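Order-wise, the sequence lines are chains H and E. For the first sequence, counting from 1, position 482 maps to 482 in this note's numbering; every step adds exactly one. Each position in the second sequence, counted from 1, maps to that position plus 1000 in this note's numbering.
Honestly, the hints are just simulated from the structure, not real lab data. It should be emphasised that the depicted structure is a prediction, and the values quoted were computed from it without experimental measurement. C-beta atoms are modelled at their ideal positions from N, C-alpha and C, and glycine is treated no differently. Worth double-checking, as some hints may not be accurate.
Examples of chain H residues lying across from chain E (beta carbon under 7 angstroms, computed) [to be verified]:
id : residue
1  : Glu167
2  : Asp170
3  : Leu171
4  : Thr201
5  : Leu205
6  : Ala523
7  : Arg529
8  : Glu530
9  : Glu532
10 : Ala534
11 : Leu538
12 : Ala541
Computed spacing ranges between beta-carbons, pair by pair [claimed, not checked]:
id : chain 1 : residue 1 : chain 2 : residue 2 : range
13 : E       : Glu1042   : H       : Pro697    : 44 to 50 angstroms
14 : H       : Glu479    : E       : Glu1042   : 52 to 58 angstroms
15 : H       : Glu490    : E       : Ala1046   : 37 to 43 angstroms
16 : H       : Ser24     : E       : Ala1046   : 49 to 55 angstroms
17 : H       : Lys540    : E       : Ala1046   : 19 to 25 angstroms
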Amino acid sequence: MPPLEWLEIEGFRSFAESQRLEFSEGLALVWGANSQGKTSVAEAIEFLFTGATVRRELLGGAKAEFDGCLRNAHLPADATVAVRAGIRDADGGVHEVERLLDRDYTADADCESTLTVDGVAVDDLSQLGIVLADPPLRAPVLLQHSLRFALSARPQDRSNYFKAVLEIQDLELLRDLVEASGETLRAAPAPILAKLRGLRTNGRLGELAAKIEAAKPSAIADAVSSALGAALKDLGASIGDELGLPERVAALAAALESSRERSFPSSAYRVSGALPEAVDASDLPAAEAFNSAIDLVDVETARLTKLFEAVLAVPQIEDAHAAVDCPVCETPEALTPARIAAMRTQVMNATGLRRAEADARTELTSLLRRVQAITRTGHEIVPVVASLDAPTLNEHETAATALLGEPTLHRPLWPLAKDVKASANALSNAARTVEDAVQSALAAIAAAKPIDTAAIAAVVDDLERERRNLETASSSFSEAAAAFLAPIKEAVDRKQGTDDLRVLAELAADVGGLRSALVAERARAQVRRELERALRELDKAKAAVFDEKFAAMSAEIDLWWRLLRPDEPVRFASVRRRGTGRRFVMFKAHLLGAPGLAAIERDALGVFSDSQLNALGLAAFLARATLQRTPLVVLDDPVQAGDEEHRATFVGYVLEQLLERGVQVIVLTYDDMLSKLIHHRYEAQGVGGFSVSLDRPADGSTVTRTTNTAEMLLQRAKAYLEHDDREFRSSASGHLRKAAERIAKEIIVNARLAKADACSLADYEDKTLGPLITELTPHLTKADHPGKWKVVGDLLNPGSHDDAPPTKQDLKMAFGYLREALREYLRTPAASSNAVTAADA
Amino acid sequence: MNDGPLFSEENLAALLSHLAEGSFAHQLVSSASTAAARSEVETGLAKVVEDRVAAVREALDAAA
């Protein structure tokens, strides 16, 4: 059973209402005169498989010309445009496939469609064994515009076509991707390496930089250290050989700073102190514990604690279970057990108070120290510039402007510096307030009075607020000072000729980063070289794969060429690459001379005739289809006009070979003779016959199943009936006469076979319409039919209108009578064409 | 370029058969052979190259 079991086309190109084609045979023939919708059938299959029309890719010109090209222009905008099919899978199950056009091509955008299999959206039909080829010709559908594409295209396009045919474009793509991944390794050097290379122009320092760049990773730090040593000597600094890298970095930085300071007092603009640490007094647990302990102890009683401790230490009191004499006042039995217990409680509370007192003092002293540190160091963060007078500041500004040769960012620094100073003062004041509060708390402890922790927390909050203010002011100043100093620093270095030393100092300060960047760059360079080698290997391997594939392709093209042109003195030789095959693919032809002489090889495109090029295009298409083991091919007018002598080889050899390989073939043609040859040659196997006609474009193309030759002939005549032109009428008359002869023969043969009178269509092969009608008349079953057949004979007899073909009305009348006869005598099961076919076979 | 599978197993297998075992090119094709679409191959190749750079870098560091 053929893989494409049925096809439905709705609203697509020349089609309007849904038209259905049932394919029960491996070979189907769709006949249609020009402009009737035949090619739309082929393009519908292409659209079903690919969701596109290759016509837009191949015909060149502006893509805008294909705006709205898939929808029948006569349909309303919301009409359904869809192609549906029943496709058989490998297990024999038939699945309903639908491609629904969601949006047609526009001037600048592709069309969009939805593909479903049994109602489930899918990306492609690979699950049903329909695997598409590479672009541009993805579907196994040979259209007129694609037949010659490979041969008429530019060399690059031709090369791409054959690489697509051979499915080797992906190897080109892989190569390109490998090449592109190598390009990613050509990243711009890391900034630190750009700095290093910037030193190359500095004679002595350049040599040292080159040594650093060439050093092994383990020797990079030493090379940097050596360069630092040389630089320090140049600056007149005396250093010992034993000085390590960090010390050399610090020495060079200090030497440079010292040198710069002579040109501009940058140090006055630096913040050297650290921002005071935050202080938090929201929770003073020891102070709170002290306050709790003091609540438990009566102050007056607390003074007797030591006396109580002495009394309780007397042995007879310590162990007393009854009242005993007081050892202090000697009162008899004054110390009852209850009084002794009360003394013990007093002693215990007093002891707790002493511990709490010590803890609170420690806590407050710690807080005091931190606050005193703020008072002491708060001003260290203030830059020197904040304390300079106006004349000095003006001098600095003049110096900076002279260095840069343009206005500087100096003046905006002044208020920022003053903000820092003011914030530092406010912080100091706040710190002193906290100091006072803490001192008061310590005094309270000494006086055994509660501590006002809330008051301390409040002033510490004020202190923290001032600290944050200072932080903000300092940050603003530092940012502005950095922006001011950076160009000053560079200008000073330039002026002093020490800018390369500054770069060296920066590099040396990050020797780990320098080493890492150098190693990374070397690794990338090595891998890039490896990729270049890999590309050369890939190119060789790719060429070998191309050659293998081209050899297979050549053999397959040659096979189809020989089937199409068995007796041709020109033979297809091979398709092969030129160079890497990236840009050029060549077709070679063999020109056969006299027997015994070697064939002469030439480029096929140069020596093949137009007809031969068509045959080569067809052979290449079939080779691709068979190499891809496609289960179906669609051939739209495979034999060109003017190439009629090769119809027979196409029908007899090419179609036979395809059918033998189990390929379903759908041939679309306007060519009557080709159609006839196919029907005759494959009548025994069965040919699915269809006729496509388009009476009125608004109604769309219609498809008629032509189950037998008679019906097919009648359909062909129909295509000419709407024209009043003499030639069309003459053609219509000829087709109707052939249809009438065929219908008459089939009715006669069926009637005789029904009476067990052995006969076949061949018995009537040479009979013309007049004698056939005479023999037919006895077999006609309706009273008016003999008369109608006589009219048909009168109208269509060639002898009666050699000079004037029948009128359009005459032809339509004859068509109507013949269609009635077909329906009455040949469309019943008993009178099916199979009976005739079986008899003929 | 279409969105379907681009790097057919058959082609890549043929390519591999023509490449020397153990070469970097072999590794690149092996990487592509496990992918189906262009984006996957691009990602795969980038990973192979990145890994190779890391390995060479490590070797250079180790040699130090």
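Verification of the hints:
no. : hint                                        : result
1   : Glu167                                      : holds (6 angstroms)
2   : Asp170                                      : holds (5 angstroms)
3   : Leu171                                      : holds (6 angstroms)
4   : Thr201                                      : violated (28 angstroms)
5   : Leu205                                      : violated (24 angstroms)
6   : Ala523                                      : holds (4 angstroms)
7   : Arg529                                      : violated (10 angstroms)
8   : Glu530                                      : holds (5 angstroms)
9   : Glu532                                      : violated (10 angstroms)
10  : Ala534                                      : holds (4 angstroms)
11  : Leu538                                      : holds (5 angstroms)
12  : Ala541                                      : holds (3 angstroms)
13  : E:Glu1042 with H:Pro697: 44 to 50 angstroms : holds (48 angstroms)
14  : H:Glu479 with E:Glu1042: 52 to 58 angstroms : violated (43 angstroms)
15  : H:Glu490 with E:Ala1046: 37 to 43 angstroms : holds (39 angstroms)
16  : H:Ser24 with E:Ala1046: 49 to 55 angstroms  : holds (52 angstroms)
17  : H:Lys540 with E:Ala1046: 19 to 25 angstroms : holds (24 angstroms)
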